[in-house]
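For the record, the sequence lines run as chains A and B. Going letter by letter, the first sequence gives residues 25 to 220 in my numbering. Going letter by letter, the second sequence gives residues 25 to 220 in my numbering.
Warning: the hint list may mix true and false statements.
One copy or two, it doesn't matter: identical chains are merged, so the pair holds either way.
Quick list of in silico lysine-lysine cross-link-like pairs, BS3-like style, CA-CA up to 25 Å [as the list claims (entries may be wrong)]:
no.	residue 1	residue 2
1	K181	K99
2	K65	K198
3	K99	K132
4	K198	K99
Since the hints were made in silico from the structure, they are not lab data. Note that the structure is a prediction, hence the values are computed from the model and not measured.
2 protein chains.
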Amino acid sequence: MSLVLDPAAQDLLFREAHTARTFTDEPVTEEQIRAIYDLVKFGPTAFNQTPLRVVLVRSAEARERLVEHMSDSNKDKTSTAPLVAILAADNEFHEELPHLLPTFPAAKDVLFAERPVRERDAGMNAALQAAYFIVGVRAAGLAAGPMSGFDHAGVQKEFLDGDHTPLMIVNIGKPGEDAWRPRAPRLAFDDVVTTV
Amino acid sequence: MSLVLDPAAQDLLFREAHTARTFTDEPVTEEQIRAIYDLVKFGPTAFNQTPLRVVLVRSAEARERLVEHMSDSNKDKTSTAPLVAILAADNEFHEELPHLLPTFPAAKDVLFAERPVRERDAGMNAALQAAYFIVGVRAAGLAAGPMSGFDHAGVQKEFLDGDHTPLMIVNIGKPGEDAWRPRAPRLAFDDVVTTV
Numbered sequence: 025m026s027l028v029l030d031p032a033a034q035d036l037l038f039r040e041a042h043t044a045r046t047f048t049d050e051p052v053t054e055e056q057i058r059a060i061y062d063l064v065k066f067g068p069t070a071f072n073q074t075p076l077r078v079v080l081v082r083s084a085e086a087r088e089r090l091v092e093h094m095s096d097s098n099k100d101k102t103s104t105a106p107l108v109a110i111l112a113a114d115n116e117f118h119e120e121l122p123h124l125l126p127t128f129p130a131a132k133d134v135l136f137a138e139r140p141v142r143e144r145d146a147g148m149n150a151a152l153q154a155a156y157f158i159v160g161v162r163a164a165g166l167a168a169g170p171m172s173g174f175d176h177a178g179v180q181k182e183f184l185d186g187d188h189t190p191l192m193i194v195n196i197g198k199p200g201e202d203a204w205r206p207r208a209p210r211l212a213f214d215d216v217v218t219t220v
Numbered sequence: 025m026s027l028v029l030d031p032a033a034q035d036l037l038f039r040e041a042h043t044a045r046t047f048t049d050e051p052v053t054e055e056q057i058r059a060i061y062d063l064v065k066f067g068p069t070a071f072n073q074t075p076l077r078v079v080l081v082r083s084a085e086a087r088e089r090l091v092e093h094m095s096d097s098n099k100d101k102t103s104t105a106p107l108v109a110i111l112a113a114d115n116e117f118h119e120e121l122p123h124l125l126p127t128f129p130a131a132k133d134v135l136f137a138e139r140p141v142r143e144r145d146a147g148m149n150a151a152l153q154a155a156y157f158i159v160g161v162r163a164a165g166l167a168a169g170p171m172s173g174f175d176h177a178g179v180q181k182e183f184l185d186g187d188h189t190p191l192m193i194v195n196i197g198k199p200g201e202d203a204w205r206p207r208a209p210r211l212a213f214d215d216v217v218t219t220v
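So here's chain A without its partners, still in its complex pose:
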C-alpha cells in the first residue's frame, strides 16, 4: 500500500466517483456548500492568489437564463440538477493580496500590476481551485457534473462582469438513474510520466 489515504476515501474521491449526468431531487443545502468551501479553500495556489469565484444558481429564474447559454447536450442536465454552480476566475484577484499574502504584501504591485499577467495567473490558479472544488463536492457525498460546453461570453455577460472569466459550470447533486457512462479509458503511467 503506497497510499496512506483510507481506501474508502480513495473510492469516494476518485475511484468510484464519476461525472454525473442525472440527479435525484434531493436538494443541495447551503450548509453542504459552506462545508465544501471550508475544506477546499486550503488547497494551494501560486502566491495564495485564490482567484476562484463561485455563483450558485438557485432561483428558477436564474436557472432558466443559464440554460439558454448551455450547449444543447448540456441543457437537460443543467435544467434538472439540484444545484448549478458557475466557477469563474477573478482577474482582479491582486486587490486581495495585501491581505492574503502577509509575507509579501507588495506582490500586488510588484508582480501583478499588469492585467495580461493577472489573467494568465487567474485562469491557471482558478482551474486548480476548480479541481479542489470538484474533489470537495465528492467529499460531501455528492456527484459533480463539470461542463465546459456553454457560451462563455454569454454567461460572463449574464452572470459575471468584465473582470470575471467563466471557467466551467458544475451540476451538483446525488446521482440519479443511469447517472454515468462506463468509465472511459485513461492513459497508462508510461504514456504520461517520463524520468530523466
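Please arrange chain B on chain A, whose structure you already have, making use of the hints.
For chain B alone, kept in the frame of chain A given last:
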C-alpha cells in the same frame, strides 16, 4: 457533519496539509508515484482530454540543469527535495482522443483541429490534473511544494518540446524541519460565493 469524507482524510488532504519548503532525505519511490498516478488519473477533464504530462527529475545531472532555471527563492528547495516533478500540458493531446473518448472519437477533428483551441484546453485541463496530482501526493502521505517561479521557456527548451508547455514544478517528499510557514489567510465564504 456536512461532509462524508472521513475527518482524518480531510486533514491529510486539505486541513493539515501545507506547501512544504524543506524535506527529509527519505526517497520518494517509483511505487509511490505509480500509486499516486493510478489514483488521480480518474479525476475528470473536459472530453477526457487528460493532457497532463509529467517529467520526474531523478538524476543528479538533470536536477542540476533544472535548478539553473528556477527563481532564486526556489533554487534551494528544488536542490534538496527528494523528488522533483515537472508538470506540463500536452498541446497535441487530441491525438489520443480516438482512444480516450470512445463515445465521440471524431472529437479529435471536429473540436480540436486548431492549435490555439488545443492550447487553451490543454492548459485548463492540465491545471485541473495538476491539482488532482497535488491531492494525490498528499494521499501518499507526502508533502507537495508546487512552484510557478521558474524560467518557463528555459524549462520547456531543456526538458520538453514545442508541443508541451510547462505548468508548474512540484517538490515532493516528507516534510523536513520548519517545513512551512503559518497558514496564510483564506477568503471568507461570502467573499467568494454569491447566490442568484
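Tested hints:
1. K181 / K99: within (19 Å within a copy, 43 Å between copies)
2. K65 / K198: both (22 Å within a copy, 23 Å between copies)
3. K99 / K132: So K99 and K132 pass the 25 Å test across copies only (23 Å; inside, 40 Å).
4. K198 / K99: within (18 Å within a copy, 46 Å between copies)
Of the hints listed earlier, there is not a single one the structure fails to meet.
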